[in-house]
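There are 2 protein chains.
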Amino acid sequence: MSLIVQKYGGTSVGTPERIVEVAGRILRTHQEGSQVVAVLSAMSGVTDNLIKLARQVAPHPAEREVDVLLATGEQTTIALTAMAINGLGGRAVSLTGRQAGIITDGVHTKAKISTITPKRIHTLLDAGHIVIVAGFQGETLEGVITTLGRGGSDLTAIALAASIKADLCQIFTDVDGVYTCDPRIVKSARKIPEISYDEMLEMASLGSKVMQSRSVEFAKKFGVIFEVRSSFNDQPGTIVKEETAGMEKVVIRGVSLDRRQAKVTISGVPDKPGIASRIFNEIAAINVNVDMIVQNVSAAGSTDVSFTTLADELPKIEKHLGPIASEIGAKGFAAQGGIAKLSVVGIGMRSHSGVAAKMFELLGKAGINIQMITTSEIKISVIIDEAQIDEGANIVHTGFGLGSLE
Amino acid sequence: MSLIVQKYGGTSVGTPERIVEVAGRILRTHQEGSQVVAVLSAMSGVTDNLIKLARQVAPHPAEREVDVLLATGEQTTIALTAMAINGLGGRAVSLTGRQAGIITDGVHTKAKISTITPKRIHTLLDAGHIVIVAGFQGETLEGVITTLGRGGSDLTAIALAASIKADLCQIFTDVDGVYTCDPRIVKSARKIPEISYDEMLEMASLGSKVMQSRSVEFAKKFGVIFEVRSSFNDQPGTIVKEETAGMEKVVIRGVSLDRRQAKVTISGVPDKPGIASRIFNEIAAINVNVDMIVQNVSAAGSTDVSFTTLADELPKIEKHLGPIASEIGAKGFAAQGGIAKLSVVGIGMRSHSGVAAKMFELLGKAGINIQMITTSEIKISVIIDEAQIDEGANIVHTGFGLGSLE
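If you read the sequences in order, they're chains B and G. When you line the first sequence up against this note's numbering, it's residues 139 to 544, in that order. When you line the second sequence up against this note's numbering, it's residues 139 to 544, in that order.
None of these hints come from the bench; they were simulated from the model. All of these numbers come straight from a predicted model, not from anything done at the bench. Among the clues, some could well be false.
Below, simulated SDA-like cross-link-like pairs (lysine to any residue); rule was C-alpha separation at most 25 Å, straight line [what the hints assert, rightly or not]:
{"hint": "1", "chain 1": "B", "residue 1": "K190", "chain 2": "G", "residue 2": "E155"}
{"hint": "2", "chain 1": "G", "residue 1": "K190", "chain 2": "B", "residue 2": "I189"}
{"hint": "3", "chain 1": "G", "residue 1": "K401", "chain 2": "G", "residue 2": "V428"}
{"hint": "4", "chain 1": "G", "residue 1": "K190", "chain 2": "B", "residue 2": "G225"}
{"hint": "5", "chain 1": "B", "residue 1": "K257", "chain 2": "G", "residue 2": "I241"}
{"hint": "6", "chain 1": "G", "residue 1": "K257", "chain 2": "B", "residue 2": "V282"}
{"hint": "7", "chain 1": "B", "residue 1": "K248", "chain 2": "G", "residue 2": "G225"}
{"hint": "8", "chain 1": "G", "residue 1": "K190", "chain 2": "B", "residue 2": "R163"}
{"hint": "9", "chain 1": "G", "residue 1": "K190", "chain 2": "B", "residue 2": "T185"}
{"hint": "10", "chain 1": "B", "residue 1": "K190", "chain 2": "B", "residue 2": "G244"}
{"hint": "11", "chain 1": "B", "residue 1": "K250", "chain 2": "B", "residue 2": "G289"}
Required output: the full structure, derived from the provided sequences and hints.
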């Protein structure tokens with residue numbers, strides 16, 4: 139008998155009707171002959187409402203109590219889902235994070251799972267029950283309730299799957315899987331049947347926010363094979379797993395895009411050791427998140443340093459960067475929004491040469507100017523004009539043959 | 139330093155604003171030099187909404203899961219209240235029923251407290267914290283969440299007060315205390331400063347639903363002195379405690395009334411041993427709750443048996459009592475609504491003779507006909523016409539001198 143962990147996100151359990159649908163899906167999996175552990179999020183909107191409520195009683199609510207409060211969201215869903223399964227004739231039992239044996243550190247609102255003792259889950263499974271576990275939550279060794287922060291339910295599912303040695307972990311969500319590109323932008327985008335952890339990580343850290351990076355990293359570390367699929371249909375989704383030899387045959391797995399980027403160039407930076415670290419320490423101190431960094435070869439003892447960030451950060455940069463630039467002896471700085479990042483991701487790059495050249499050629503032929511470039515082992519990112527990002531995505535997607543089905 | 143347990147009901151914490159007020163009250167008690175454990179109910183309306191939600195996913199939700207669901211109500215309140223106290227500059231920590239060491243039996247939705255291990259409460263109090271405990275809930279020894287049923291938060295407060303040997307247990311509610319009669323009916327009704335457990339039990343089992351009987355019984359059993367008072371003002375309430383010599387000086391502590399009663403008389407019942415038990419077994423089998431029972435001396439081998447019940451039960455009685463009556467060989471039955479019960483309660487009755495006679499005389503003079511009478515050691519109840527219940531309550535209240543302040 140196979141052992142499956144399923145995870146359903148907030149939209150999937152957003153209404154009583156959807157909870158009954160999810161209950162039916164869980165029960166069906168069980169009736170088809172698998173042992174099932176289902177991890178559930180809070181109903182969509184519930185967590186936000188609880189945070190609003192907290193702000194009404196205290197402007198800066200104590201984080202220990204925020205966790206006690208937020209944990210009620212998932213506890214509500216697991217009770218309702220277990221009821222619904224029982225109502226459909228199945229035998230389900232709900233467990234809070236603690237009851238499921240999930241022990242975390244004491245960093246409230248973003249705790250890390252330290253150990254899982256799945257004894258109770260095994261006992262219930264062996265007795266023929268479906269086990270419904272509250273995602274996103276755990277408890278410290280001292281018995282204090284904690285929550286795992288954004289994407290915490292995915293993490294619960296993957297960590298449980300590792301702990302109970304599940305055969306498969308299914309992440310049910312409101313998208314069909316991971317796509318070669320956003321189908322709203324590239325019409326010919328298609329679902330990727332299989333993707334490696336590393337590719338998924340690059341896709342996740344870019345615009346394709348199907349899952350938080352740390353869940354994928356956890357899965358990679360413990361070798362948990364998982365599937366991202368929709369809770370609204372029965373189509374297979376995308377399997378995420380360790381790379382196989384076959385995967386390298388595909389040069390590019392997907393195209394990813396990030397809008398609303400800004401580019402900042404500090405000009406005439408003295409070419410001295412330690413200067414880059416000073417610049418970016420100062421920028422970190424004003425709480426600006428930096429993405430790409432490019433430094434050209436220096437000429438005549440000074441150089442230009444450019445970086446990208448979110449366009450939302452521009453006001454902060456314009457307010458604080460002047461003094462920083464003059465303090466380090468730079469000439470000045472220029473900041474500009476209206477740009478976007480276009481990336482191609484694929485482990486096939488490692489064994490295929492000329493991928494970067496081909497991408498630049500495709501964009502160049504279409505008259506799209508490349509303003510900045512960075513590359514990693516399995517990713518190439520370029521900064522282009524935001525107005526050209528949709529066109530650029532389509533050109534690159536087609537150019538690398540992602541739209542075709544072979 | 140004194141140790142105080144306070145309990146706040148659902149209306150007292152019904153909105154974020156009221157939670158902040160309750161937080162202020164708890165903090166003030168702490169600042170005045172007491173250690174404080176506060177037991178909280180779910181915000182008013184929350185429990186009903188959760189039950190509605192449960193019915194939407196399953197017509198007959200599994201009781202184990204109902205408890206998991208309902209327990210979120212109090213967990214929400216304790217988190218919010220602890221946040222509010224911290225926001226006001228105090229140091230509060232919330233504990234769920236389980237975290238507070240409350241172990242119950244496994245009878246879901248109406249569990250009984252079996253033990254309390256207040257070690258964690260003591261540790262927190264000793265460290266200078268205010269401890270906020272979720273009422274109404276506990277956990278079995280096997281780690282399954284339970285709830286205590288109606289009035290469960292009062293019970294939590296009183297059981298905790300017994301367990302930690304509190305100096306006082308204050309039950310904050312939406313009434314000022316226990317009154318000599320309902321002030322909406324008897325204008326001169328006044329708050330009773332002190333009442334014995336037994337009197338409180340008789341008042342509670344009658345119409346004065348300030349508290350559930352089982353909480354009072356628990357307090358009596360463990361000698362927990364408690365005060366019923368309002369969370370909306372600072373007036374002292376009613377102290378409930380073991381009877382003292384002084385208490386007996388007052389003949390009658392209060393007057394209580396129950397409307398919407400019905401009277402049923404089975405006529406021509408054969409005067410044979412075991413017949414009463416047969417009648418009331420049959421009535422119990424059709425789920426009718428019987429209150430007073432009166433059987434007259436028999437004449438010519440048969441007798442009449444009367445009982446009272448809620449008027450709501452009449453349809454059931456009219457449907458089922460005919461066959462029952464004929465089966466036991468009775469002549470027939472008559473059922474009638476439109477009556478009410480008027481009771482006087484007081485431990486002073488034990489040492490004062492003539493209380494019943496005086497009550498009957500007061501009612502008789504006013505032309506109020508008494509249809510049935512029952513008495514216990516500290517209570518006399520009469521059934522009268524429902525239309526005359528307000529008049530009767532006022533006459534008895536004045537006649538026994540309850541309105542005066544001496």
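Going back to the hint list, which numbers does this structure go against? none
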